[in-house]
Amino acid sequence: MNITIRGISKRFGDFTALHGLDLDIASGELLALLGPSGSGKTTLLRAIAGLEPIDDGRILFGDTDATRLSVQERRVGFVFQHYALFKHMTVLDNITFGLRMRPRAQRPAGAEIRRRGLELLDLVQLGGLEGRYPTQLSGGQRQRVALARALAIQPRVLLLDEPFGALDAKVRKDLRRWLRQLHRETGYTTIFVTHDQEEALELADRIVVMNRGHIEQIGSTDEVYDSPGTPFVFDFLGSPNVLPGEVRADGIYLLGATAPIEGPNGLQPGPVDVYARPSDFRVVGDDAAAIEGLVLETQRTGVLMRLSVKLSANQQVLEIEVPNPDPEMKVWLPGDHIRLRPAHFSLYRDRPAQQPNIVEDRSASHAAPDSRVRGQ
Amino acid sequence: MTSPATPQIDVETAVADTPFAPLVQTNAAIGEPRLVRWLLIGVTLVFLGVFLLLPLLAVFTQALASGVGAYFAAMVDPDALSSIKLTLLTAAIAVPLNTVFGVAAAWAITKFQFRGKGLLITLIDLPFSVSPVIAGLVFILIFGSRGWLGPWASEHGLKIIFAAPGIILATVFVTFPFVARELIPLMQALGTDEEYAALTLGARGWSTFWHVTLPNIRWGLLYGVLLCNARAMGEFGAVSVVSGHVRGQTNTMPLQVEILYNDYQFAAAFAVASLLALLAFVTLGLKSFLEWRHGSELAAVRGH
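As they're listed, the protein sequences go chains Z and U.
Be aware that the first sequence starts at 1, since it is given in our numbering, and climbs by one per residue.
Be aware that the second sequence starts at 377, since it is given in our numbering, and climbs by one per residue.
Since the hints were derived computationally from the structure, they do not count as laboratory data.
Treat the hints with care, as some may be off.
So, partial list: chain Z residues that the calculated Cβ filter (under 7 Å) puts toward chain U [what the hints assert, rightly or not]:
#1 F15
#2 L51
#3 T67
#4 V71
#5 F80
#6 A84
#7 M101
#8 M329
#9 W332
#10 G335
Using 27 Å as the maximum straight-line C-alpha spacing, the simulated DSSO-like pairs for lysine-lysine come out as follows [claimed, not checked]:
#11 Z:K310 / Z:K330
#12 Z:K87 / Z:K170
#13 Z:K87 / U:K461
#14 U:K461 / U:K663
#15 Z:K87 / U:K663
#16 U:K535 / U:K487
A virtual CB, placed ideally from N, CA and C, is assigned to each residue, including glycine.
Based on the sequences and whatever the hints tell you, model everything.
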């Protein structure tokens, strides 16, 4: 079921949790709401479920206006962060709760309810555990029971609040893969909330990045990662280095460089911030466009070597990653001089982030939100 | 769960590996010295003996001091029977009333946000902080012959003060906080997620309460009800003020005990007192029995 959200707002006293958000969710989509705590992502999820009354705006399920529908009438499958399983019921009773709560006229017969429950239990790969109580299950198993319970009512949309937050790293990885597969098999429109960018990138089709009750960017995982729309998005999806630069008539000059790096044409002259991830830098030889620095520290992290580099021009310390071993078998040691050039970067003006972020050439030579530039 | 690196004592595996290993292992690193342990146990036992066991023993020996015949004669005395009836009637009305009120109050306080919540919590505690005698006097001020509602009540032929209704009102007031006080912290700890989950699954308010909330709070509720019941049967001060001490009519068991004692009828006084103590035992026994019967469910709910 596709979901349309128009201008929804939510205030808690003086605090505004959602500032008039618009969002379209396609049927069968797997969407992530990504943001730091306090960004309003969970409030948005609960508003869709009807658990949080909204002050303004409309929510449509398909063509039906769901804004005024009660939680029960919305028929959403909600998986709570801590699962909220009914502790005094067996796993099977938990899963069949939604079916058993239906009005008598719509309620399947007892045997049918049991059959459906066991079927769902198999779907979440917990066959044989129907008689257990939730406390007798591991975290990952509880999570799957909660999912089966939500699926039992054949929800219009499946909503998951921090679905992997309470699990350890290994279980989390397995469950992610499994959930992706389950989504492919069942095809439910699914929205999940997470503060973990890796989780959002790995699991979702599309990501909504939220900050302070606003949507910063909506896009596919590639769009959001490769072309972050705002410094906030860039910042949240990886720990960027921010270099001071200047747009001149013939290109973008990094601080201290005597030649420009290639960038989009038609930018307004003036100072800009150049955002680049640690892995975006390339070590170069004699290059007038490069920035120069001193290696402070080195740290091996398997296939990469992490370097702290202090720039000669402004004493700023960059964190960069270079292949390990280096293609030319160069071993970096503290005290070495190094010349760097960002291979990929984004340009933003006026840090800290203002709405909207400014890279003027958006329409000029690049497709819509693409402010991310490939150099070299 | 146990990794070889952690010096943790796993009784289960220890027992499995060596058949003669002690069932309870103590960890010297976190245990107390033997002397301290025995001292703690000793203090507890002495305290229990002096303040609990000895008085109980005294009640029963005094009750049976004049022989079993006198004991049962004291029980079937019309005044004593009347006091037993009145006590049971009072509890039978006060306890259900306060159970319903307690659940409603705890529900309102823990599941909703509203203005004046702090005030409501304070008000619920009021009967605990006010002396029972004052609680009794309050009802005399309201329903007494010169009270606010007294004239109105007598016009309509209602006798409240110095009659069973007054006793019941005073008891309801005094036992008012027990259930709510027991449930509020429990329900706060439980949170609202399970109820919300039930709502998303299509359950209506009443079904949610019946199938989700009540099973989660039933042991706390039972405990609150038992405490409430014990107090309802045993309340002396407030009831004493409003009862008027009409023998055979407005005396509850605690009042009857006092009257008999003041009349130097010690055996009879202690006989009624022993019955009161027995009622307490029955409630405690009932609680233990229920816990024993539903032990596994209880563990499942509490183990979380």
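> Which earlier hints turn out false for this structure, listed by number in ascending order?
Replying inline: 1, 3, 8, 9, 10, 13, 16
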